[in-house]
Amino acid sequence: MEHESLGQIFIITLLSSNFVLAMFLGLCPFLGVSGKLETAVPMGIATSFVILVASLCGYGLNLLLTHFNLEFLRLISYIVVIASTVQLVEMVMKKFSPALFRALGIYLPLITTNCAVLGVALFQTARGYDLGQSVAFSLGGGAGFTLALVLMAGVRERLKLSDVPGVMQGTALSLMLAGLLSLAFMGFAGVGVSR
Amino acid sequence: MTMSTKQVTNMEQLLEGIWKQNPVFVMVLGMCPTLAVTVSAFNALGMGVATSFVLVFSCGLISLLRKQIPKEVRIATYIVIIATFVTLVDYIIQAVSLALYDALGAFIQLIVVNCIILGRAEAHAAKNPPLPAMVNALGMGIGFTIGLLALGSVREILGAGKLFGITLFGEHFQPWVVMVLPPGGFFVLGGWLLLFAWWARRKNAGPRSPHPNPLPEGEGANVPLRGTSDKRGHHGA
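These protein sequences, in sequence, are chains A and B. For reference, each letter of the first sequence is one residue, going 195 to 389 in our numbering. For reference, each letter of the second sequence is one residue, going -14 to 222 in our numbering.
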């Protein structure tokens, strides 16, 4: 692993290898919740928070499992930790911000099956990041997810006012849009790489 | 969900996942692995087989245990069962083909969070005896594999001029590189969905159908646009 500074990791995960548009993580909520801006933003923030917590827990767990030579349990323990974190976030949100809790509805428990959350834990393990790098990675990932979600929601809100041919409507159009966004994000390739 | 009321044969169960409820093209589930690993047909096949394996065996086990699992903790139980099989597959692939393991990377472990598996477990395996549950899961798995192959082959042919690693065209073929890059995944899947939507529309409505979805509000703003978009529609069809 080459040495990357924390800022570099953050920028690279945010832009040039954006979780949604370049690494295809978290596509289900990306296509499902990006219809409206006012749900896209809280969803992005909630997911970012879960990603951060999952990354921290995953880091600790990985140390523990490596210490006891139990690497084969990694996947199972990650997913259990993530599921309980989501449960915790849900309970905290219900207590302190019932309005937001109702606005997010079913999508909140579905964060458990968001590939981005498990993906962060798995990728940071695979790349051997230390604690600081993991935090930068998860912050960049969460911010990138939110960015993609908000951009997509903005475009789709505008699209509602335009007259789209019947065959194109629905998922096909969303996917084409995502492809164009992804193409645009490829323009960031090389940003944040030193030399 | 729909079939629990009627008596359906095993064959119909199998076909349902392959065609009528194809997870990739009809239900649009499990998008992350679908788009991420389909840069070549070989990767697509590997991913499809791995997912089918997990799908069939976890649905079988969940269906066997369906009377024992308490309702309150069922999702957590399903996830743990699925994660167990995914860990198995992860080690099996590592032992069988290291090249495939390197190509798929973390996406093998991400099978855990594939919505298709949890969806099947919750909607079908939890309510049916093991054999129908496994047949249904197998159908879904085959449907998923076909979907992945459809994407993977198109992307490999266009993006690299190959299929399963065999060069198809002469030396002068210019690869369409964007197809094996991330945007290509979105474009190819969008294209397939477009093709199916167009086909379904032709089959259902005939060629001269009226505009299906006029917007309820903002009619005035749409009038000048309508002519151009109709032209575009004809062009595509």
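Worth flagging that the hints you see were computed from the coordinates, not collected in a lab. Nothing here was measured: the structure is a model prediction, and the numbers come from that model. Watch out, some of these pointers could steer you wrong.
Stated by the list, open to error - Simulated pairs of lysine-lysine, DSSO-like, Cα-Cα distance not exceeding 30 Å:
hint, chain 1, residue 1, chain 2, residue 2
1, A, LYS354, B, LYS147
2, A, LYS289, B, LYS188
3, A, LYS288, B, LYS56
4, A, LYS230, A, LYS289
5, B, LYS56, B, LYS188
6, B, LYS112, B, LYS52
7, A, LYS230, A, LYS288
8, A, LYS230, A, LYS354
9, B, LYS188, B, LYS5
Check the hint pairing LYS354/A with LYS147/B against an upper bound of 30 Å on the C-alpha distance. violated, 39 Å
Are the Cα atoms of LYS56/B and LYS188/B separated by 30 Å or less? This hinted pair is violated, its Cα atoms lying about 43 Å apart.
Under the criterion that the straight-line Cα-Cα distance not exceed 30 Å, is the pair LYS230/A, LYS354/A satisfied? OK: LYS230/A and LYS354/A at ~10 Å, within 30 Å.
Has the given pair, LYS188/B with LYS5/B, been kept, meaning a C-alpha gap of at most 30 Å? Roughly 15 Å between the alpha carbons, so the hint for LYS188/B and LYS5/B holds.
Holds or violated: LYS289/A to LYS188/B, with C-alpha atoms at most 30 Å apart: violated, 51 Å
Just to be careful, I want the Cα atoms of LYS112/B and LYS52/B compared with a cutoff of 30 Å; is the pair within it? holds, 9 Å
Quickly compare the C-alpha distance for LYS288/A and LYS56/B to 30 Å and report which way the hint goes. holds, 22 Å
Hint consistency between LYS230/A and LYS289/A [alpha-carbon to alpha-carbon, up to 30 Å]: holds, 25 Å
Starting from LYS230/A, check that the Cα of LYS288/A is at most 30 Å away, please. holds, 22 Å
Checked against the numbered hints above, the structure breaks hints 1, 2, 5 and satisfies the rest.
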